[in-house]
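Participant: From first to last, the protein sequence lines are chains C and H. Residue 163 in this note's numbering sits at position 172 of the first sequence; the count goes up by one each step and never skips. Converting from the second sequence to this note's numbering requires adding 303 to each position, the first position being numbered 1.
None of these hints come from the bench; they were simulated from the model. Every residue gets a Cβ at the ideal spot worked out from N, C-alpha and C, and that includes glycine. Hints should not be assumed to be uniformly reliable.
As the list claims (entries may be wrong) - Chain H stretches covered by chain C per the calculated footprint, using a threshold of three residues with CB under 8 angstroms from any CB of chain C:
| no. | stretch |
| --- | --- |
| 1 | 335 to 345 |
| 2 | 386 to 395 |
| 3 | 398 to 404 |
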Amino acid sequence: MRMSAGEPPWMLELEGEESWLLGVLLDFYRPLVDPDDEQPEEPAAQPDGPGETDSFAFWEADVVGDDADRREEDPALLRLFPDAYPDDPSASADFRRFTLSGQRRERLDDIATVRKGLELLETGPLPIGADDLDPWLRVTNALRLVLASRLGIVDEVSAEEAERGAQQDPSDIVHPAYEWLGVFIEILIEVSWGRI
Amino acid sequence: MSHPAGPVCSLPAGEPVVERLEQQDPDWTTVVWDDPVNLMSYVARVFASYFGYPRAKATELMIQVHNEGSAIVATGSREEMETAVAAMHSYGLWATLGRAAE
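Extracted from the complex, chain C is given alone in its bound form:
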C-alpha cells in the first residue's frame, strides 16, 4: 500500500492481495447494510489473491427476522446502527425510522465508490480527490468495526486477547486484516489532514 502526500488528488497504490482483501471484505459488509441482499455473492476468484475465503465465513452471523431482531442478534449491526437515545427506546426507534434509509443509501454509495476504485486499481494507481476520500475512510472504518465485532473486541482486554490469539495462530488472516485496515486508515488521515 502506497499513497502520495501533498495536494489532492492523492495517488493510491495497492498490492494485488490488498485489493483482493478489500473486495472480499466488501462482499461480506454489503449484506449488513442492505437487508435485501442477505447472501453475499461468491467472490470471484482473483489470480493475485490467496484464493481462500473460508477464514471469513464467521462474518456471516446467523441472523433472521426483521431489522430490530437482526440488530439484537448481531452485535455488528448494533455497532453500525447504534441507538441514538440510550434511555429512550421509543425515541431511538423514531430516530432509526427517520434516518435508516439515508444511512443505508450513503453506505451503499460508499461501497460503490470503493468498488469502482478497486476496479481502476487493477490498471494502475488510483487518483483520490478531496471529495472522494471520506467514502474510503467511512468504508475502511466500517469494515474494521465489523471485523472487531466478529473478533469479540468490546474493550481493551478483549482487544489484547484477540491480538494474542492471532499471534498463536499464524494461519489466522482476520486479525491481520483488522490491523491492515488500521494502517490504511492512518495513511488516509495523514495525507489528508488540513487539506479537506
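Use these hints to put chain H onto chain C, whose structure you have.
Facilitator: Just chain H, lined up with the frame of chain C:
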C-alpha cells in the same frame, strides 16, 4: 380621557411566538462515547471535518472521549443534534443525543 377597550396583549412586540418557542429548545447535545476500536486519529479527523473544529480542538475532544469515556462535541436544537448524531453514526462513531445541563 378614555382607556383602550378590550384585552391587552402582553406579548412583547416584534418577536414571533414560534421563534421564541424554538429558542426554548436549544439544549440538546451530541455525545460521543469511547470505544476500543475507532482509531484516535480517525475520531479527531471526524470531529474536525464534520464540525469544522481546528485540529487542536478536535484532538482535545478526542482525548476527552478517550480519557473520560465520553465528551459533548456539539450543542444545539434537537433537530440539529439528531442530524449530527446520524452523521457520527455514518462515520462509525458511537454517538447519542443528550440534554445539556441546566
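Participant: If you test the structure against every hint from before, which numbers come out violated?
Facilitator: No numbers; nothing is violated.
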